[in-house]
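S.K.: Read off the chains here:
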Amino acid sequence: MTPRWVWLSIGVGLAAIIALIFVFPHQMVSPGDLKPAHAALQQNCLACHAPLAGASTERCVACHTVADIGRRTTLGELIKRPVARPPFHQTLILQDCMACHTDHPRPRLTRNLVRSFDHALLKPQARAACSTCHSAPRTDFHRGAPLPCSQCHSVQAWKPATFDHSRYFALSGPHDASCSTCHVGGNTRAFTCYGCHAHQQGQIEAEHREEGIRNIQNCVRCHRSADGERGEGGQGRERDD
Amino acid sequence: MSAKPELILREVIPFVLGLAALLLATLLTDALLHLVDAVWIGRYLGIPGVLLILASFGHSLRKRGILKSGNPVLLLRLHEGLAWTGSLLVLVHAGIHFNAVLAWLAVVAMLINIASGLTGKYLLRRAQTRLKAARTELKAEGVSDLEVSARLHNDSLTVDVMRTWRKVHLPIALVFGILALAHISAIFVLWGWK
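In order, the protein sequences belong to chains X and F. Its first residue numbered 1, the first sequence is counted upward by one per residue in the working numbering. Its first residue numbered 242, the second sequence is counted upward by one per residue in the working numbering.
Think of the hints as simulated: they come from the structure by calculation, not from any bench. There may be inaccurate statements among the hints.
Part of the chain F face toward chain X, derived, beta carbon under 10 Å [stated by the list, open to error]:
#, residue
1, L263
2, T267
3, L268
4, T270
5, L273
6, A341
7, V342
8, A344
9, K408
10, I413
11, L415
12, A423
13, H424
14, I428
15, V430
16, G433
If you want the ones that stay clear, here's a sample from chain X, every Cβ over 12 Å from chain F, calculated [what the hints assert, rightly or not]:
#, residue
17, G54
18, T74
19, T132
20, T162
Have a look at the derived ranges for each label pair, beta carbon to beta carbon [said to hold, decoys possible]:
#, chain 1, residue 1, chain 2, residue 2, range
21, F, V349, X, T132, 50 to 60 Å
22, X, H134, F, R284, 33 to 43 Å
23, F, A356, X, P36, 39 to 49 Å
Ideal Cβ positions, reconstructed from N, Cα and C, are used throughout, including at glycine.
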């Protein structure tokens, strides 16, 4: 038979523990500290959690107005942020803060439950306009590039880019030169083969003329590499007559 | 003659091994989950763990006459097996993540409960048997009752302590139950069940 004092001690102890849950809910039931900006809410679970429904988007947007996310703080102050990280929450197809955010530290236990950013979450119009969020790198290749980003980049990752120059011309041997050698002024849509010492325009024209080839404006029509691999003219050559 | 060395060898070591087996199984399961990058499964193991522990209460109900039918020996074996497995799942669920105090108090209460349960299983029953055997043996050798009591004084004290320890099994089970209920209630109130 368990002595009465044991039951009494247990009862008092349990009552004290239950009381502590209400006095210090953060220490007693929280999985960890909140992010510093929300430190003042640590003992007020219901500031973010709706009873029986978990952390609620409605409670987030009560302070974080969607139109202001990334633009203004909850106190109305302008946010100065790098151009590379423009606001995008306004273009999301769903308002579901917890799909991506958790305010408690994220132990590995919950890692697989939280979604990372996915372009599929953006409204179609925003998804199609890459430049809404991304700026092209300031390289010769990208400067004034008129091609759509999706020609080389995918929404899975910005790098590696999938552009394959050998589809147009293989950059092997001495042709592995800087972009501006062939694409003058950073215009990757146009090219010239006369940008290097080996290809003097007069000499090239004369050599082709000897072979009866006069239409030599578009070199890659016949030459797809330094080896003279065939383009549409066959054997690297096309006769006009 | 003292029964102490054999008491340790035959009773204490199996007791410690029983507890160590549970902890080792916990570590192995946790390591396996980490290895296959499925640690998140641990979050949900608390549910089957608690259900198994609840299912093990058939023995306690039968022992106190609340349950009128059922083979007591079978129910005891079920109690041991289900409670051990349930505790394993709860320990994996707890992991080695020290966050909420309430959940950890519940785990500590559960561990004390397992220890008190194993005390009953391995220590008390066998210690009582061995003490009785030692007493009979000494008496057979013609040792006086007073001398027998003097020689077996320490072992008697040990058995008394174990008997007392065994008695906390039910109160601690109750403490564990209430703390676990508080933890589960907090999760129900605050967690988003999507």
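S.K.: Holds or violated: is the Cβ of F/V430 closer than 10 Å to a Cβ in chain X?
M.R.: Holds: closest Cβ of chain X sits about 6 Å from F/V430, inside 10 Å.
S.K.: Quick check on F/H424 please, does its C-beta sit within 10 Å of some C-beta on chain X?
M.R.: holds, 8 Å
S.K.: Quick one, is the F/L273 hint okay against chain X at 10 Å, beta carbons?
M.R.: violated, 14 Å
S.K.: Just checking, X/T162 versus chain F, shortest CB gap more than 12 Å?
M.R.: Holds: least Cβ distance 28 Å, greater than 12 Å.
S.K.: Far enough from chain F: is every CB of that chain over 12 Å from the CB of X/G54?
M.R.: For X/G54, whose nearest Cβ neighbour in chain F is about 2 Å away, the distance does not exceed 12 Å, so it is violated.
S.K.: So, as I understand it, the hint says F/A341 touches chain X; can you test that by seeing if any CB pair is closer than 10 Å?
M.R.: Because about 5 Å separates F/A341 from the closest Cβ in chain X, which is inside the 10 Å limit, the hint holds.
S.K.: Can F/I428 be said to touch chain X, with a Cβ gap under 10 Å?
M.R.: holds, 8 Å
S.K.: Can the suggested window of 50 to 60 Å be confirmed for the beta-carbon pair F/V349 and X/T132?
M.R.: holds, 53 Å
S.K.: Does X/T132 sit more than 12 Å from chain F, CB to CB?
M.R.: Check passes; 30 Å lies beyond 12 Å.
S.K.: Go through the hint on F/A423 and say holds or violated, using the shortest Cβ distance to chain X against 10 Å.
M.R.: Where the cut-off is 10 Å and the nearest Cβ of chain X is about 6 Å from F/A423, the hint holds.
S.K.: With a cut-off of 10 Å, does the beta carbon of F/L415 approach a beta carbon of chain X closely enough for the hint to hold?
M.R.: This hint holds: F/L415 lies near chain X, its Cβ roughly 7 Å from the closest one there, short of 10 Å.
S.K.: Quick check on a hinted range of 39 to 49 Å for F/A356 and X/P36, using CB atoms only.
M.R.: Holds - the Cβ-Cβ distance for F/A356 and X/P36, about 41 Å, lies within 39 to 49 Å.
In the structure shown, a violation is registered for the earlier hints numbered 1, 2, 3, 4, 5, 17, in ascending order.
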